[in-house]
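Novice: Chain by chain, the residues run as shown.
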Amino acid sequence: MSAPDTFLNRLTEYVSSAVDEPSWIAARRQAGAARFEALGFPTRRHEAWKYTDVSRIANGEFALPKDAELSAERFDALRLNFDAHRLVFVDGLLSETLSDIGALPDGISVEPLSKALIDNHEAVGGQLGRLANVDFSPFAALNTAFAHEGAVIRLDAGKVIEKPIYLLFFSRSGSPVMSHPRVLISAGANSEAMVVEHYVGEQDAANFTNVISEVFLDRGANLTHYKLQEAAQSEFHVSSLHVDQSRESNFASHNLNLGGALVRNDLVCDLNGENAETALWGLFFGQERQHVDNHTQVNHNSPRTFSNENYKGILGGRARGVFNGRVYIKRDAQQVRGYQSNANLLLSDRAEIDTKPELEIYADDVQCSHGATTGQLDENAVFALRARGIDEQTARGLLTLAFANEVMEATRLPEVAERVERAVAGKLPERFNLEGLVEVSE
Amino acid sequence: MLEIKNLHATVEGNEILKGVNLTINPGEVHAIMGPNGAGKSTLSAVLAGRDGYEVSEGTITFDGKDLLELEVEERAQAGLLMGFQYPVEIPGVKNIYLLKAALNAQREARGEGDIPAPEFMKLVKEQIAFMKMDPSFLQRAVNEGFSGGEKKRNEILQMLILQPKLALLDEIDSGLDIDAMKVVAEGINSLRNSQRSILLVTHYQRLLDYITPDHVHVLVDGRIVKSGDKSLAHELEARGYEWILEESAA
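Keeping their order, the protein sequence lines are chains A and B. First residue of the first sequence: 168, per this note's numbering; consecutive thereafter. First residue of the second sequence: 526, per this note's numbering; consecutive thereafter.
No lab work stands behind these hints, which were simulated from the structure alone. Treat the hints with care, since some could be wrong.
[Claimed, not checked] Straight-line alpha carbon distances no greater than 30 Å define the calculated DSS-like cross-link-like pairs of lysine-lysine that follow:
#1 A:594 to B:647
#2 A:523 to A:217
#3 B:690 to B:751
#4 B:751 to B:590
#5 B:751 to B:657
#6 B:650 to B:707
#7 B:650 to B:590
#8 B:755 to A:594
#9 A:217 to A:497
#10 A:594 to B:590
#11 B:530 to B:690
#12 A:594 to B:707
Okay, chain A solo, but in the shape it has when bound (with noise of 0.2 Å):
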């Protein structure tokens, strides 16, 4: 049997337990699958996954999750706790009791997929699908033909939420299991929110997540994602986020990954109008033998348009880290600027790093620059503050942080720093930021 048969296989499974879904989400499930069975799993050969070798999920079992129970003890002990409008996902599936969506403000909603599906059927069909198809990649493809839950979230123009929106995706230690979790956001003009989507895993899971998120951001529509991936060490986690932007819209997106033992990450953001501009912040921490590949790709297809993109790496152990980054200007898409950096920190002589900035400019008044660099941590700073009395371990911790001050930097969510900071560099004399925390005005 080959591997898209085990996995298809569960479709049958699964389709048969689905019930009150509208026909198109059928028909589509249906093209999802037969995508799916047409390209099969991903190879080296293809220069996609060229350095992503995926054969430890096709060769996978992964059941379908059951149910959604988890314990607030155990959900406690992984969520961010902070003031939210939350959604949570068990394996995949609502759990509507921890869940907590409260009191949203008119003309916002943050509904579950599987609700969404039948209330508001027509226009999550209009988009659903319209930035990540079936051709995007072969898990584009098996996500669509598993695709149920997830979460919808609407804003109507000129509206703007205070707090953020949070997905926390929770993966349970037992048996393997799947999810294809998607994730749609729909910002009317000049409305702004910020969403946070939390991966984590327990200690002992081993599933696989496949997740696909569309963003559409209207005229002058701000938006800030942030995506926590925290699986655990024995799981896998593929995912891709499409962005597509109008005129004025601004795009943050702060793609933070810990966790995970294979990681795949698409990013394809649309610049489609003028003035729209995008950031994007990265960081991907490695250890042991955690492969985490990132594939971002900014399509300025309009003049005017701005990106400005910061990665960083730190791999230790015998991680293997992946950075693909395109920019690509189409033609006579005039006045661009686009940015792009991505630094790796290596922490041990057997960690990996392959990076690929790839630069297409069609256009001939534009300002582009890309750079990438790879290296180790400076001694003389660890003796250095050593020399201040501050412990090795410690030390290192520090400089491997503040090797990604910029994205650290950027990430002005506590909750989400201190999660990054933990993992980086253990524990810390004192919270990495102190900015504000001293008023120096005279």
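Given chain A, put chain B in place with the hints provided.
Specialist: What follows is chain B alone, placed relative to chain A:
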């Protein structure tokens, strides 16, 4: 405070220090002078605990402890702080962070709790003003893009905040113009008290115009060949090191 006995040290198999003896009592300021290659920086490095320096013989006792048994950070926590000749740039770590983390690391080693934020702010504000540094330096990365003078002021600022028992200042005057030297010297002088000791390692006498040492030692070819009071420094200034080399060779 510090007692160095018959200290021999090698770097890559070459013996650089060949039996250094030095005793520094609380409250004293000592200056070690010497020509290039005499072993001044090796002595500083051994005291600070740098890698690559092997002590083949002798002992160093600091405040009753065997210094050579202490890790780099333990030396600092015990109160021996080194001011570097070439302060290293630490991108991404803010000055304010270093000051607070270092101070709290010391306090923790002494079994004290973290310094309360208002107290820390007050302390930092006072000392940064004293060192004639702009408060914006606190939010900048440690030494990053600092001029030579600013880096040295920053070293002294750390001393003023961390209040060591023994301040070891390695060529602290190198790269300083006269105004910066005055500020740095003023900072060092303000560290002086009856309990704290200071060891200045310097090639030139000019720093000693601003900081009057109690004792001056001349290090030549890995040994202290002559000790005296501040007048010895003036004599070296006037006559150079030649006569001492001849005297010690005789």
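Novice: Does each hint fit the structure? Answer for all of them.
Specialist: Here is how each hint holds up against the structure:
1. A:594 to B:647: holds, 26 Å
2. A:523 to A:217: holds, 12 Å
3. B:690 to B:751: Holds, at about 26 Å.
4. B:751 to B:590: At roughly 27 Å apart (the allowed maximum being 30 Å), residue 590 of chain B and residue 751 of chain B satisfy the hint.
5. B:751 to B:657: violated, 37 Å
6. B:650 to B:707: holds, 20 Å
7. B:650 to B:590: violated, 34 Å
8. B:755 to A:594: Violated. Residue 755 of chain B to residue 594 of chain A sits at ~48 Å, over the 30 Å cutoff.
9. A:217 to A:497: Distance ~26 Å between residue 217 of chain A and residue 497 of chain A Cα, so the pair holds.
10. A:594 to B:590: Holds, because 29 Å separates the two Cα atoms, which is no more than 30 Å.
11. B:530 to B:690: holds, 20 Å
12. A:594 to B:707: violated, 40 Å
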